[in-house]
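Given these sequences and hints, build the entire structure.
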Amino acid sequence: AQRVTQPEKLLSVFKGAPVELKCNYSYSGSPELFWYVQYSRQRLQLLLRHISRESIKGFTADLNKGETSFHLKKPFAQEEDSAMYYCALRAGNTPLVFGKGTRLSVIA
Amino acid sequence: EAGVVQSPRYKIIEKKQPVAFWCNPISGHNTLYWYLQNLGQGPELLIRYENEEAVDDSQLPKDRFSAERLKGVDSTLKIQPAELGDSAVYLCASSKGPAPNIQYFGAGTRLSVL
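Residue numbers (this note's numbering), protein chains in the order written: chain Z, 1 to 108; chain H, 1001 to 1114.
Hints listed in this document are in silico derivations from the structure and should not be mistaken for laboratory results. All values derive from a computational prediction rather than experimental measurement. C-beta: ideal position from N, C-alpha, C; glycine also. Heads up, none of these hints are tricks.
In silico contact screen, one side only, chain H against chain Z (beta carbon under 10 Å); selected entries:
| # | residue |
| --- | --- |
| 1 | Gly-1003 |
| 2 | Val-1004 |
| 3 | Tyr-1033 |
| 4 | Gly-1040 |
| 5 | Gln-1041 |
| 6 | Pro-1100 |
Written out as structure tokens, the structure is:
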């Protein structure tokens, strides 16, 4: 079965510091990986997906099949980045499997 | 464009009572999902519909949970009877079709069972 692990429940960084939210997955095939974000009092929304290879709000994520990781990175954190971040995996037509989430707190 | 609409936003009931949640997906989205999100956890799929057909309900506890999407648009999720452990956020999402289409989530219904 597929599994997504986000080892940090809470990550606190200072404004302007680099951010890395960790995500590891277990799946033997070629998965599709996503990062979803939930800002305070807002709904869960897609931040980025690995097949798009794009940068959204300064965030990037690279799929590392050797390390089975899909870490989310941003070089300079902003206060508005404070939110709950969920890594998710999809294998073929199977449902999305979410990690438990990491709460990012950016301190001014 | 309106997003996925869920109601109610909050519901408080006593155990053993029935409860129902309603979801209106984005117009034109044929695929609809119900997720359960327990405190401190990520969303977990309960059921997926393609139009009016439930194509994946393997995670739905069928002894007390039921869902329907009669006309392939709106959907309701019901619990009868509710138990204390059902306290959670129930999320609805929709997409234009199955994978690889992007899922759009509603704001969720927070259920508290006392």
